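Enquirer: The chain contents come next:
Protein chains: 4
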Amino acid sequence: MSDQNPIFIPGPTNIPDRLRLAMQVQTRDHRAPDFVETFAPVLEGTKKVFGTRDGRVITFPASGTGGWEAAVTNTLSPGDKVLVARYGMFSHRWIDLCQRQGLDVQVVDCAWGDGAPADQFESILSADTHHNIKAVLVAHNETATGVKSDIDAVRKAVDAASHPALMFVDCVSSLASMEFRMDEWGVDIAVSGSQKGFMLATGMAILGVSQKALAVMDSAKLPRTFFDFRDMMNANASGGFPYTPPLQLIYGMNESLNMLFEEGLDNVYARHFRLAEGVRRAISAWELSLVATSPELYSDTVSAIYVPDWFDSNALTDHAFNAYGVSFGIGLGQMNGKAFRIGHLGSLTDVMVLSGLATIEMAMADLEYPITLGSGVAAAQDYYRKSQGTALKTAA
Amino acid sequence: MSDQNPIFIPGPTNIPDRLRLAMQVQTRDHRAPDFVETFAPVLEGTKKVFGTRDGRVITFPASGTGGWEAAVTNTLSPGDKVLVARYGMFSHRWIDLCQRQGLDVQVVDCAWGDGAPADQFESILSADTHHNIKAVLVAHNETATGVKSDIDAVRKAVDAASHPALMFVDCVSSLASMEFRMDEWGVDIAVSGSQKGFMLATGMAILGVSQKALAVMDSAKLPRTFFDFRDMMNANASGGFPYTPPLQLIYGMNESLNMLFEEGLDNVYARHFRLAEGVRRAISAWELSLVATSPELYSDTVSAIYVPDWFDSNALTDHAFNAYGVSFGIGLGQMNGKAFRIGHLGSLTDVMVLSGLATIEMAMADLEYPITLGSGVAAAQDYYRKSQGTALKTAA
Amino acid sequence: MSDQNPIFIPGPTNIPDRLRLAMQVQTRDHRAPDFVETFAPVLEGTKKVFGTRDGRVITFPASGTGGWEAAVTNTLSPGDKVLVARYGMFSHRWIDLCQRQGLDVQVVDCAWGDGAPADQFESILSADTHHNIKAVLVAHNETATGVKSDIDAVRKAVDAASHPALMFVDCVSSLASMEFRMDEWGVDIAVSGSQKGFMLATGMAILGVSQKALAVMDSAKLPRTFFDFRDMMNANASGGFPYTPPLQLIYGMNESLNMLFEEGLDNVYARHFRLAEGVRRAISAWELSLVATSPELYSDTVSAIYVPDWFDSNALTDHAFNAYGVSFGIGLGQMNGKAFRIGHLGSLTDVMVLSGLATIEMAMADLEYPITLGSGVAAAQDYYRKSQGTALKTAA
Amino acid sequence: MSDQNPIFIPGPTNIPDRLRLAMQVQTRDHRAPDFVETFAPVLEGTKKVFGTRDGRVITFPASGTGGWEAAVTNTLSPGDKVLVARYGMFSHRWIDLCQRQGLDVQVVDCAWGDGAPADQFESILSADTHHNIKAVLVAHNETATGVKSDIDAVRKAVDAASHPALMFVDCVSSLASMEFRMDEWGVDIAVSGSQKGFMLATGMAILGVSQKALAVMDSAKLPRTFFDFRDMMNANASGGFPYTPPLQLIYGMNESLNMLFEEGLDNVYARHFRLAEGVRRAISAWELSLVATSPELYSDTVSAIYVPDWFDSNALTDHAFNAYGVSFGIGLGQMNGKAFRIGHLGSLTDVMVLSGLATIEMAMADLEYPITLGSGVAAAQDYYRKSQGTALKTAA
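Chains as they are written, first to last, in my numbering: chain A, 21 to 416; chain B, 21 to 416; chain C, 21 to 416; chain D, 21 to 416.
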């Protein structure tokens, strides 16, 4: 496969040259000043991306899954009750993780395509008068369905129930691509990773942690060492790491933040909206439907698209890869074979997106799906050219 | 500008990752065995690309223009007569170079859009009974007009005139992208460069030189030192260079040849034809015309496209760059403002080409050129998907 | 600091160019065949480095500490008893990890500078007639003291006691640099990482796991998700990962194995011995002592060196860094200020080592330590030049 | 060979990471603003390195030899007389180039090891009352002998003779490493390249040209096209190139200038002096002699060192390479076998130099040259540690 065709999986993303270069840093002594002087500002800068002033940023050399584990084990004890809604593969996996860690998980099953059920949460939390529920877990952007949930609404539901539960948010595939307001939304732990909006290689879990979450750290009884906030924070306090740090990713993070701030976070979000909206126009032109059930749920980083019953979405993604060397996301879990996904996040331009749309059209035609070649492309082109003024061109 | 939008200038080309990596070689001693063992096979392998068994490959750390100068100065003497046809900016520049070197240049002016005038050459050479004409100079692929000339026909014209003139061919923008048969076509010097079909950085002139050309080297009186074949060949004989070699490019050439041979030269040519044909389908769909006047002249590495009188092609290429961050070739010389060019050579895929076509459509629409968005894209998609079997997918 | 002075910390190591290039791979779809075809052979090849036929290789995107956690949590249950000797900072940390995970840790405290106390282990295990001890944990190479323990002797001690305990070995700073014979020594879990003998960036824990260890996986009750062997093995079975894989490191591992096998593992070990022995000759010439108490304990990857009481080893390493831009290892834990460390592992040559020895001599002289400049260098030079034939030159 | 042993050839130099990264730039449109905005400041910044305000900087994609040819062909006409002293291989080659270009070359033969004979030049120029001599050619730093000539003295000689000849200076291996004052010394054309003090890959000839030299451009009759100042200057005026520019090298130059100016040119020169002086101390300790005949001629970028009659310097450099993987410069021309060279220019540290000295000591001992191992290293260590304050540590 050509290294030069963009990928359209919903992360890891295409890595822009600036970040590929930044990650090429030769080994340096991580106990020496140069590292310290790089790492501390990275933690500080990342706070802006989370939208927190009061919280802390804590990173681990792990994937987002490791970040989830860190969130749970540093704040909860065996048998603690947590409330989670399942509306996609990633919320499903988070539930599984909680169960394996010995938590008592109250699951609210929603249709895949729906977002976090703030109303149900409010009812449940209101009924939980003994405050047995210790935490509410929400996926901001469910990568499997392309659904963005309203975190602010969940916050308001918790508050309406006057419930003290912590609120944990999975923003792995939304942070640095879609607006995130940790402090404003009262998020206690937000979990993300290096390989999505930060446009880096996989390998760093990135968490924003509120003071409220930090306050329960010492009483949390779930065992943890590698993911212990306390060791990490103690070491970070003097610019260090409790074990060998992922040097290349930290230098990469430094440059990623430079890129994000140079473009401006608002411009980054506007660009992602614009790219996503072009994809949605194409989907409409193809007369296909998003999995997300209503416009306010549409994700700007990934679109999950239903195919008709008689058509196999896996055949489509396989063929796009085999015939044209372009990767799209497959349908996960119950959507396998029924939906495919177009990732449109990170270092991406309208021009690159159009190549993805053109590719999927060819693949559909090859598989005798009744499509007018160029129809989706034209819809996206029309939108992109008319919306130029709304986004900066300095994507990467 | 994003480093990730492909460029569509007719060279230098998008550099594939394999070659970017290969050119990252740290400085090594160019008098040491490792260099010698790399360089000698590079020269040998390049012969296959030229299509020569008997000839020699000679390289200089220079651009293609330097290659032209090397061709002329190593074989001709002041006042020598050469025959050249002018049918584009690059043939024009070669004429200029010959004049500056003190040669007596007989120019055959052709319409830009035509190819090498084999018939006229035959007449002229037949009339040159004293064999004053020492060399016939032909651009195989005129980059300014997107015209591929029939070198075999020129050879036959020279032979029909029973004329002993040397035949020099500029294949800068065709070699390693379109078929080239140096021995079969009786080419005496073929001049190319690193930054086109070889997909490398600019900086190496690459020449194929016949035994017949080498035979006149000692009697050629044009002064040269940097470009002297003899010094280079003497040094090459023991694996060395008469001065500091462009190490990174030579290691890059080594890997470029690996890529070309892995794909197979015939597959490389077929891929270029396929990519170019898709572009031509789009141009037809847009109801625009190529500068090249007939199908057998169509270049597979670059298409030069006329715009109507009332439209400024420079505005189009400027706008595509400024609004979408995509570079196309401008019209050169007498075509400036009247034509633009789409380069489609080197490490390129159908998917990447479609993004270029989609971009130029948006740019045309933005400038109120009456175009149906997606029309050219659809024509190319249709062709690409139906012609998949004709080319390998392992472009890069 | 110059990126070109080598570092002499005991890992992460200087990354050779081949591996820096290999890790530059652009994002690819980790569900696509190219990844699968790379990853499976990496797992297989790594088995050779561990010295196992029957065991499995399991990797996690984490540091070595994460590898320790994975070893423990996949095989043990809360309250299980483990036997560990403490003879350096890293064995100390592993003990700490076990305690945090709720294990009952029987610690054998040894002098720092000693190795694993096989005899004491045998007594303890023999006395444990109810087989309460579920695992024996040993650091093969204690990075803090430069001590290599005799794992075979520990195996024989366990066997002599006819004890069924599992044996876990930390080989983070020995694997791929010093001989390791997992099957022969009866190691049940061997824990290593990407940033030492494999010469890569930090970010991948690499474990060798015996069938005996795998057999207790399902009954082990310590909670784990991110580090669960079962998910990883299930996903690996079809060439995948249970979450986003560290793509760049896996491609890097692939090339690292190529390098190791091209040099030959035995040659790799011989090179490390030779480099280390030169360092030891220098230490003798300086009339300083190793922390390791006897020659059979000398590590070939790191030398920890005592300084006299009146001298501060931290001042030495600080000065070497500030004045000459060269990093050495500081003394850890109880050795802080009393010893410094020279790392000599990974992609290193005799020539590079000599520059480190010359640097530390200058730094000592600057701090008025009574040293004859060049004395250690000369001792190492003498050894290196006489021992040339014993090791390959193709280090990197 | 390890990519990590430094090389000690007198150029091309070890390329520091910052410049390796800078040269990795993907192909961009060289007619687009981004290139223009990079290139113009590069030309302006390079003027500072030459030490010229009034002059112009002109670059060609070629080696230093190409730079010589450009100097000569743009200012002289066939049969013009030039005055050159021969005191090494590179001055010899420049003479050869002038002769091939049809110039009338008056050669002053000096001992190899001497510098430019200002006194003889003054006599010859004074005697040239008809001003037949059009140019005086001088190598500032004769790379073959490690001799730095006094350009100011040559200027004064020309002035004392009241002679209007142009003065051309080869500063290929001195510029950006040793002080160069083009305007002050009245240099008319200074010729350098990318691969020495600029620490880049080979491939760009870099010239400083005075207004006086530019004034004769139009009357100069030597043929040139590729190297024509006028085309280059015309194209440069609008930020462009008359042919495809060596993009990667120009972006590399940009970063090289950043590095040089960040360190400060005076600090760069002081660092080179300090590194060179350490090497000279080692040579004294070895009881060997420099080719350069007196201290004011000592080059700070390369030391050429005589070996005794009974010893073959080629055997020494071969052995150092084969046994230790380290490259030194061989003796060139009449010094072949009689002298070897240590290059100490570019991105180099004292620590790296010590490894070179240690290597050559081992190689000498291996070949039974009577040397005390560590003796040269100790002499250099002593000097380096005492002279620390005299140079910045931020070499690279």
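For the record, the hints were derived by calculation from the structure and aren't laboratory data. Note that this is a predicted model, so its numbers are computed, not measured. It is possible that part of the hints are untrue.
If chains are identical, the list can't say which one is meant, so a pair holds when it fits in one copy or spans any two.
Pairs of lysine-lysine residues, derived as DSS-like cross-links and limited to a Cα-Cα distance of at most 30 Å, are as follows [claimed, not checked]:
| hint | residue 1 | residue 2 |
| --- | --- | --- |
| 1 | 358 | 67 |
| 2 | 154 | 67 |
| 3 | 358 | 406 |
| 4 | 67 | 406 |
| 5 | 406 | 154 |
| 6 | 154 | 176 |
| 7 | 232 | 358 |
| 8 | 68 | 176 |
| 9 | 358 | 154 |
| 10 | 241 | 358 |
Enquirer: Please go over all the hints and tell whether each is borne out by the structure.
Expert: Structure-based check of each hint:
{"no.": "1", "hint": "358 x 67", "verdict": "neither (38 Å within a copy, 39 Å between copies)"}
{"no.": "2", "hint": "154 x 67", "verdict": "within (25 Å within a copy, 44 Å between copies)"}
{"no.": "3", "hint": "358 x 406", "verdict": "between (33 Å within a copy, 26 Å between copies)"}
{"no.": "4", "hint": "67 x 406", "verdict": "neither (34 Å within a copy, 46 Å between copies)"}
{"no.": "5", "hint": "406 x 154", "verdict": "neither (48 Å within a copy, 59 Å between copies)"}
{"no.": "6", "hint": "154 x 176", "verdict": "within (17 Å within a copy, 50 Å between copies)"}
{"no.": "7", "hint": "232 x 358", "verdict": "neither (41 Å within a copy, 41 Å between copies)"}
{"no.": "8", "hint": "68 x 176", "verdict": "within (23 Å within a copy, 56 Å between copies)"}
{"no.": "9", "hint": "358 x 154", "verdict": "neither (36 Å within a copy, 48 Å between copies)"}
{"no.": "10", "hint": "241 x 358", "verdict": "neither (42 Å within a copy, 37 Å between copies)"}
When each numbered hint is compared with the structure, violations occur for hints 1, 4, 5, 7, 9 and 10.
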